[in-house]
Amino acid sequence: MFNVKIAGALLGIIAAAMAVAMPAQAQNAADWEKVVAAAKKEGKVVVYSGAAPASLKKAVEMFEKSTGITVEILIGRGAEIRERVRTERSFGRNIGDVLVNGLSTAIGQMNAGDTQPHGYLPNAGKLVPPFTTAPFNNGDMILPVYATSWAIAVNTNLVKPGEEPKSWHDLLDPKWKGKIIVDNPLSNGGGQATFAIFLEKFGREFIEKMKAQQLTFSDQYTIGQQRLARGEFAIYAPFIVSETYNLKGLPVKGIVPIEGKTYSSQMIGMLAGAPHPNAAHVFINYIFGDEAQASFADLGYTSPTGRVSTTITEDLKPLMYGKLFDIITEDRLSKAVPILESIFK
Amino acid sequence: MLRQRLDRLSLGPTLGVGALLLLLGFLAVYPLSMLFYGSLHSTPPGMAGVFNLDGYAKIFSAHEATVLANTVVISLIKTVIALLVAVLLAWIIARTDTPWRGTLEVLITLPFFIPPIVTAMSWGMLGNPQVGLINQAWKAMTGATASPINVYSYAGIIWHMLQYSTPFLFLFIVDIFRAMDPSLEEASRMSGAARLRTFRSITLILMLPALTSSFILSFVRGIESFESALFFGSPVGITVITTEIYNSINHRQAPDYQYATALSFSILGLMFLLVICQWLILRGRTFTTVTGKGYTPTVMQLGPWRWVTFAFCLLFFFVTVVLPVGQLIIGSFFRYLGFYSAEMLTLDHYRSVFGNSEFWRGFRNTMLLGLLGATATMVLGSIVAYVSARTTWRGRRLIDAIAWLPWMMPGMVLGIGFLWAFAMLPHAIPIYGTVWALLLAYVALGTPVSVRVMNGAYAQLSFDLEECSRVHGATWFQTMWRILVALAWPSFAVGWILTFFGIMRELSASVLLYSVGSEVLSVVLLKLWTNGAAEQVSVIGLMMMLLVVVFRALQLRFLNRQIGVV
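Order-wise, the sequence lines are chains S and R. Just so it is clear: in the first sequence, position 148 is 148 by this note's numbering, and no numbers are missing. Just so it is clear: in the second sequence, position 386 is 386 by this note's numbering, and no numbers are missing.
Treat the hints loosely; a few may be bogus.
The calculated DMTMM-like cross-link candidates involving lysine to aspartate or glutamate, where the alpha carbons are at most 20 Å apart (straight line), are [unchecked claim]:
no., chain 1, residue 1, chain 2, residue 2
1, S, K58, R, E358
2, S, K65, S, E341
3, S, K201, S, E330
4, S, K248, R, E358
5, S, K65, R, E358
6, S, K57, R, D348
7, R, K58, S, E341
Partial selection, computed: residues in chain S whose CB lies under 7 Å from chain R [said to hold, decoys possible]:
no., residue
8, A79
9, R93
10, T216
Hints were generated in silico from the structure; no laboratory data involved. Model, not experiment: these values are computed from the prediction. Note that CB positions come from ideal geometry on N, CA and C, so glycine has one too.
Excised from the complex, chain S in its bound form (with noise of 0.2 Å):
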């Protein structure tokens, strides 16, 4: 009798336990309602995040505001979000909720099976091509928060308008021989993604030529464009577009080359083992409603669902939406990686 009652309370707290630890997988509009109330009684949603934290302050502010559930933001670099999630995932002691990471990281961290299935989003239909389908979109699992993308930055001080770089091929000028500096495209991020684009489409020999050019490597992209402003460099590329409203009122233009911009994307899931998986899953939606992706708009980013900035002045617009070139994937990326570093190393 008495082992009975201890059976009955453990499942009774068994079921509890697991009401609180499983999402209240909506479906359909109809059960949205249940996700939010039950987001709401979890009242916290944890997220790990390698993005540039400045990045989602506006969008957190406003979800905390019209929502009421606190969001903590536990920021590293991307590798640092990576290794914590998987640690914490294999030793059970699961602490984040939701998943923001770039690209290449983000689908690793999937493929290893750290996110989990975030079900369904009344927001996830709002996204427009070519952020529908992969790399961006990958079913239920993690989509599109922004995209960043990169074009030519030029010192105005040093590049007079007629000489302005119209091309990526331009880089390859001998008058630009030791006064370019690129993100160092043997690391992860925007310049090895550039240059494996690069690769990919313009041959091994571009490459081989942009090394000729005696380039100097920027492990920080904010290094980078400081460099570049105060002049100690003519070019700096790839230079990621939003930076331009951080560094108003300096000598620095951007570009877009005729190719077009590289780019990628900030990516978000639900982690895998989430302790508070509804407010985790009303706060994914949320980011691809329009408040949060119009705060997206505004910083400079491309947001996956065409919301354009209402604060963006007529100048800027052609940097800011102007053509997409293209992305790399991670298989890609794999293939350039080894030829890059025997080019570089």
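For this one, chain S is given, so just place chain R on it according to the hints.
Below, chain R without anything else, positioned relative to chain S:
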């Protein structure tokens, strides 16, 4: 004789050594063993994989040989120069009548406490070959067209490292100079030896343990130095071991922990050989300079030469602090660092920092962790050093060696070791994801310095002081408190400051172990840095420096009252 009796009377040497072994084992051996596993396994702990030596196999390549040569040569040159300058500065401050020595002492140590990314930004502006201010000034003055300085070079890396190594070594050495009984030097002088010979054959020899310890500490730290090589080496293709490890963790599509940990263990092996060399050099010698006989610390009268020594100290301060920090102070009042025009004048960076609740939360957490961590570290370091230097307990060498271990592993790798180790603990032990994880990591990381500082201090104290105390009826605790603690107090205070600011700057372990709500200042700095807010990073760097000035001034004033020799 009495020493042996003391050992017998103490609270169970076996128990004491056992407790220390347990504690140090948990703090140092446990995380390292996780890393060792990582170096031998194809996947990190918690994942299915196979044991192999692939990580170690990758080390044997021409590229690695270049990386190793770069690292050793850079660190060696840096350490030799830093040690020479530090000894000279310490001698000037502790043993000469150079004017305003108290003030100079605070100023000389300042560079050590400035976050390296802050000074790196500054030297990037001062010493770049294209538009660096120093080069511009040189060209304007001489009409030259070539730039004499390029910080993006081997010399630039060494130069930036020197600014941290020299004050670090100075802090180690100055109190040893101060605590040294001058009667030995006086005897040498009275026997007809010249000043230089006295310095060479008495002063330097007496300082051998402190000097070799400092040399090895600094050399090892040089090998593990990261920021200088990242800022000034990577852009021009100079790779050292730490940047190689950083790249293998942070810059690959999937982090290669097996290679990173294998590389770190290979370096650990090499460094351990160095430590064994030091033990061999010092074995069987005694270096007691503080005895029970009374002495008055004297200073050398330099006459007019004291203004030369004064100018040397001032020059060091000017080059290592005024130039880079001055640039940052000015820059912090402009919208962008390095762009000085009236329309860009602003107080926004100060408003942003002081109005940032995350900054204040990080500041509070760091202060709390710094105070607790530095105190706990120094207490542990004092005990370990005592057991190692002043007892004949079995196992004391092992304790000393274990306490060294965290120093020999690059911080960014050790951070991973703590992450794995704390996450793997049974869930009933509430360390992972709490503030305790940070505190324990800080204690482990700071213990090598605290042990070295206290070892140096204890090595100079004669055993007759303890014997005398015991003969006069003092208990073991009274002897410890009234003799050892009282005489080693200046070194304890220096070690505490070093540890406190070490905690304040620590990032590698912090970013992997902090949890929401327990953010520390270094994580806030990282956040600002990745947001591109270099100017706000500078403001916080300046605040940290201000804090150092206050701490150091208070410390020296206190020591002055205590021992009256500053």
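task = Find the hints from earlier in the document that the structure breaks and name them by number, from lowest to highest.
result = Numbers 2 and 4 - these are the hints that the structure violates, sorted from lowest upward.
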